[in-house]
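Trainee: Single-letter residue listing:
There are 2 protein chains.
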Amino acid sequence: MSIYNFCAGPAMLPPAVMEKAQKEFLDWQGLGVSVMEISHRSKEFLALTAQCEASLRRLMNISDEFEVLFMHGGGRGQFAAVPLNLHVDNKAAVYCENGVWSKGAVDEAVKFTTVTELDVRNDSDEQFSIKPVNEWQFPADPSYIHYCPNETIDGIEVFDVPSHPTAPIVADMSSTILSREFDVDQFDLIYAGAQKNIGPSGLAIVIIRKTLLEYQGLPKPGVFDYALEVKQGSMYNTPPTFAWYLAAEVFDWLEQNGGVKAMEQQNIAKAELLYGFIDESPFYSNKVAKHCRSRMNVPFWLNDESLNAQFLAQAKEAGLLALEGHRIVGGMRASIYNAMPLGGVQALVDFMAQFAKEHS
Amino acid sequence: MSIYNFCAGPAMLPPAVMEKAQKEFLDWQGLGVSVMEISHRSKEFLALTAQCEASLRRLMNISDEFEVLFMHGGGRGQFAAVPLNLHVDNKAAVYCENGVWSKGAVDEAVKFTTVTELDVRNDSDEQFSIKPVNEWQFPADPSYIHYCPNETIDGIEVFDVPSHPTAPIVADMSSTILSREFDVDQFDLIYAGAQKNIGPSGLAIVIIRKTLLEYQGLPKPGVFDYALEVKQGSMYNTPPTFAWYLAAEVFDWLEQNGGVKAMEQQNIAKAELLYGFIDESPFYSNKVAKHCRSRMNVPFWLNDESLNAQFLAQAKEAGLLALEGHRIVGGMRASIYNAMPLGGVQALVDFMAQFAKEHS
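Sequences listed follow chains A and B, in order. Quick note on the working numbering: the first sequence kicks off at -2 and runs consecutively. Quick note on the working numbering: the second sequence kicks off at -2 and runs consecutively.
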């Protein structure tokens, strides 16, 4: 039986990457020791980090206007790092709120800077939705504008990119990075916790426009100081080396499999298959408006919620794991990141159809 | 050929742990997926974390007066977390300086709180040393007292524990935790980056007296907020799950191998073997006073430093890895944490003797 893991994060990693990592777990590059047992400053590990960054730059077409950092602390660490680095006295940061995570970012930011909250949801009784990005009304002179292109819990994705004449655009791409093509030049700071489309938890990737490194910001932990980390090559302290290694392997795998463009095509196909089935079915529903449905995280509900436990139990027996919805919203959720093959989504749809048939 | 890895960190892990981790890398507990691919909130992972904490509590005899946290950001993250959590207005924190790392902690603390630096070194031309702990002169009412029981770079270990009538005692145990018996009750906050005696890099362990959780401190990133992390079971955000899993495996291994008492005995034997050889040899030297020599990190110098490169190359050929000294102090360094068997130190001593013979 094939096993398909729909966990929202820490998420499944590409099987080919995991098999390679297992094979070389005790002896990396013939050194006789694990990659996690060598110095982060050894020439072998520094070669890995250089290749890793070069690979990410190719995958996302990141220009020399940007630095790339590999940091501790996950996405929530960046919730603090962003205001600590980008705070400007007497200015407010705009936080666009389209779901649970963008609101979580506000909770952290208000500890450090003045925040203007901008509700960009456009819900009705029938559906969850967001306002078109070109209708988001920004104040004249914010310190920066923060938004979350993909809300993992709400299943809402923002496909357009906001812009502003003066303020840097900051995006929490934790659950959408590398899933579709972005024009990095439209952003000033991109960050992502690794545990969805990149690698294991405990690592965050930051892509920052060099001009932002001149910001004074606030007194901040060195591990969250962008300028310091750039100076130190992301090694102000010992980085999470094994997570970094796996990220490099995932980037390799992406490059060998057609890069972001190919992933995007496959992700569109996966999402169309699953949403298409849900929309056709009288048994399941998804309330998100079509123009902002997440390609990565598909929440859905059984119309008869008393069947939830049975659905989850039978799905698990069928090798379809981690489909329980987030505790905040309930229901079900299928996270279908890059590593999830189309066959996994097909298996889910087949199971859902069979389950509906048995209980209709 | 046996390979022995003397890296100061990320350091070698117990071979039995690494072999088990490799075996179950793709399928943990029969779930069909890796431990790094499951939710940190799944019942399986929560069982792991509960067992992990219970095991550490047994190993270190940690009472209910303390909470145990598993955090992001490594040891340097804690350099910031400590002042951010324990700052008290109009009080100064005392930082005892006995080497590179305790000074590094000062560089971070001064960003957030008033620091009184206390030089506890007692060097002479002949040797590096520290003042006896009972001669460390503390001011009347510090907010807290910070020290580093083992200086990884200097090779200096402090075996006595400072005390103060009112101020909490904070110890950076990154490179000495679990290497010898400590009376945890003599401390108020213990922290340690994992990558020496615990697991891979990217994880920090914090043992904090519950009374300290009432401190207001300063505005701080949630990932470094002790009270918040206690409330969230170290899951304010997605923790570094694979590192946590390996830490749990290392704790298991320690318990199966006699616990900290047995480790301490072996560490004493290893240190005596290596220092004893160095002291007897006219070819090598270590300048640290005997009463404060580190059992974990043994820096040593070839009296003829022109042979350094040759020494390192031949050692590597003999399977003795990562003996180059830290760039700040030069020379050589053998880090001999719990995972290093006595046989590894014997192999090093044998090699050193042979090398000396060939070049004398």
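Errors might be hidden in some of the hints.
The list treats identical chains as one, so a pair stands whether inside a single copy or across any two.
[What the hints assert, rightly or not] Cut-off 25 Å, straight-line C-alpha distance, at most; resulting in silico cross-link-like pairs (BS3-like, lysine-lysine):
no., residue 1, residue 2
1, K354, K40
2, K17, K287
3, K100, K20
4, K108, K284
5, K20, K284
6, K128, K20
7, K20, K313
8, K100, K228
9, K284, K258
10, K108, K88
11, K228, K207
12, K258, K88
13, K228, K128
14, K17, K354
15, K40, K313
16, K354, K313
Bear in mind the hints are in silico, worked out from the structure with no lab data behind them.
Trainee: Next, verify each hint and record whether it holds.
Mentor: Results of checking the hints against the structure:
For the identical chains of this complex, K354 and K40 are neighbours neither inside a copy (59 Å) nor across copies (30 Å), given an alpha-carbon limit of 25 Å. For the identical chains of this complex, K17 and K287 are neighbours neither inside a copy (38 Å) nor across copies (46 Å), given an alpha-carbon limit of 25 Å. When the C-alpha separation of K100 and K20 is checked against a cutoff of 25 Å, the pair qualifies neither within a copy, at 41 Å, nor between copies, at 41 Å. Taking identical chains as interchangeable, the C-alpha atoms of K108 and K284 are never at most 25 Å apart, the minima being 34 Å within one chain and 48 Å between chains.
When the C-alpha separation of K20 and K284 is checked against a cutoff of 25 Å, the pair qualifies neither within a copy, at 44 Å, nor between copies, at 43 Å. Within a single copy, K128 and K20 get their C-alpha atoms no closer than 48 Å, and across copies no closer than 50 Å, so neither meets the 25 Å cut-off. Taking the closest pair of Cα atoms, K20 and K313 come within 25 Å of each other only across two copies (23 Å); inside a single copy the shortest separation is 28 Å, beyond that limit. In this homomeric assembly, K100 and K228 come within 25 Å of each other (Cα to Cα) only across copies, at 20 Å, whereas the closest approach inside a single copy is 32 Å.
Neither within a single protomer nor between protomers do K284 and K258 lie at most 25 Å apart by alpha-carbon distance, with minima of 28 Å and 59 Å respectively. Proximity of K108 and K88 under a CA criterion of 25 Å is satisfied in both settings, with 15 Å inside one chain copy and 23 Å between copies. Taking the closest pair of Cα atoms, K228 and K207 come within 25 Å of each other only inside a single copy of the chain (12 Å); across copies the shortest separation is 38 Å, beyond that limit. Taking the shortest Cα distances, K258 and K88 never come within 25 Å of each other, neither inside one copy (38 Å) nor across copies (57 Å).
In this assembly of identical chains, K228 and K128 lie within 25 Å of each other by CA distance neither inside one copy nor across copies; the values are 40 Å within and 36 Å between. Neither within a single protomer nor between protomers do K17 and K354 lie at most 25 Å apart by alpha-carbon distance, with minima of 40 Å and 43 Å respectively. When the C-alpha separation of K40 and K313 is checked against a cutoff of 25 Å, the pair qualifies only between copies, where the shortest distance is 14 Å, while the shortest distance within a copy is 44 Å. In this assembly of identical chains, K354 and K313 lie within 25 Å of each other by CA distance solely inside one copy; the values are 18 Å within and 65 Å between copies.
Hints 1, 2, 3, 4, 5, 6, 9, 12, 13, 14, counting from the list given before, are not met by this structure.
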